[in-house]
Amino acid sequence: MINQTVEHATALSDTAHHAAEAAAEHGESGVDFILHHILSHPVIKLPTVFGIDLSISNHVIMMWIISAILIISFGVAFRKPALVPRGLANALESLVLYIRNDIILPNLGHDARSYAPYLLTAFFFIMLCNLAGLVPYGSTATGNIAVTGTMAILTFMVVQIAAIRKHGLLGYFMMFSPPGIPFLLKFIMVPVEVISMVTKHFALAIRLFANMIAGHITILALMSIIFFFKNWLITPFPLAIILFSSLLEILISLIQAYVFTILSAVFISASLATEH
Amino acid sequence: MTPSGGTIFWTTVTFIILLLILGKFAWRPILAMLDERESRIRESLELAEKARIASQKTLAEQDQILDAARKEAQDILAKSRKTADVTKDEIIKKASSEAEALITKARREIEMSRDKAIEEIRDLAVELSMNATAKLVGKSLDEKDHQALIDDSLHKLGELN
Chain A
1 MINQTVEHAT ALSDTAHHAA EAAAEHGESG VDFILHHILS HPVIKLPTVF GIDLSISNHV
61 IMMWIISAIL IISFGVAFRK PALVPRGLAN ALESLVLYIR NDIILPNLGH DARSYAPYLL
121 TAFFFIMLCN LAGLVPYGST ATGNIAVTGT MAILTFMVVQ IAAIRKHGLL GYFMMFSPPG
181 IPFLLKFIMV PVEVISMVTK HFALAIRLFA NMIAGHITIL ALMSIIFFFK NWLITPFPLA
241 IILFSSLLEI LISLIQAYVF TILSAVFISA SLATEH
Chain B
277 MTPSGGTIFW TTVTFIILLL ILGKFAWRPI LAMLDERESR IRESLELAEK ARIASQKTLA
337 EQDQILDAAR KEAQDILAKS RKTADVTKDE IIKKASSEAE ALITKARREI EMSRDKAIEE
397 IRDLAVELSM NATAKLVGKS LDEKDHQALI DDSLHKLGEL N
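So the sequence lines, in the order shown, correspond to chains A and B.
Heads up: the first sequence is residues 1 to 276, going by my numbering.
Heads up: the second sequence is residues 277 to 437, going by my numbering.
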């Protein structure tokens, strides 16, 4: 009897010990597991040129795949643009039409022709990058601050170029000095305008990056619960929430692509506006 | 987590190439096609509106023509009815006057024949009575007796008549 109890206790303590060990081990590997899936890692090593490591990471490969998908699908669908589209062309056209009618034309109007290609490309590129993270073996390029930062810098540059083209170089600099305020106040207002010009694009990068990475961290963290417990009985619960999160991710992917595009359009139209 | 220069470089290159390719082969034709379709739809709608107005006008004109035709037909009918009435009246009038004339003529002829017959009968009666008297008496009467006899016979005939 006593022996049995001791054995039982030992077994229990052993189990507890193992569990703790496993928890420690998998807790750490859980973080690794998450980071491994989120961070970019070089796939093809390339030399460093002018201090820039030109290695091709998995995110760069995802962007290439997405670019290829876009070029091929649009190339196939619109080889001969028909006035009455059908099939794939119809599906793609409905998206293009939506972006054109809901984002580009209301914001840019007459200048739509000049900036529509950038906004359309940005929308489709970001949307597919966002969705690619949900595909097995895929990774989210837009969950990389370098990618979203580059996109934001491109929008920033388009906005500056739009303003310079519209108002000229002098008019462009005058944009930072809103008219109708006392001279002394300009010492405050000009830096504020400059800071606002930079921060709104910075926010553009952070918003997309944070939205994308947060969703993936949530899904991966829920998934590592299964590894943490090492018990298949627990699996339905994380899986249910993962399913829900994944569906939410699809929604967020589309919304964030839309938000990035509409904000870019708004920034461009603001820089084109003659009055402040 | 620090943004890597390589990724920034490759993202820029990828995006700009994608922008150029899609801009040339996708966005330009698609946007041109959308514009064309919109203008064509607008034109079609305008055309349809014009056609609608034109057809409405034509319909109104047709209605007008139909109304005019109907009115004309009614006029013609009324006029012809009037003419028919007039003609009928004329015919009736003419017929009745002719009939009257005929009747008058017939009556006059009848009267004439009757007068003639009476005259003949009177002459015959005179002759007969004269013959009868001559036979009866066997001798000629004098002028005075003749006259008396004739008058008497005439008187009797007048009563008979």
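Don't read these hints as lab results, they were simulated from the structure.
Cβ atoms here follow ideal geometry from the backbone N, Cα and C, with glycine treated the same way.
You may find that some hints are simply not true.
Only part of the chain A face toward chain B is listed, based on derived beta-carbon distances under 10 Å [claimed, not checked]:
| hint | residue |
| --- | --- |
| 1 | GLY75 |
| 2 | PRO106 |
| 3 | LEU108 |
With a Cα cut of at most 27 Å, we get these calculated DSSO-like pairs of lysine-lysine [as the list claims (entries may be wrong)]:
| hint | chain 1 | residue 1 | chain 2 | residue 2 |
| --- | --- | --- | --- | --- |
| 4 | A | LYS186 | A | LYS200 |
| 5 | A | LYS166 | A | LYS200 |
| 6 | B | LYS347 | A | LYS166 |
| 7 | B | LYS300 | A | LYS80 |
| 8 | B | LYS369 | B | LYS381 |
> Hints broken by the structure, by number, lowest first?
Replying inline: Of the numbered hints given earlier, those the structure breaks are 2, 3 and 6, listed in rising order.
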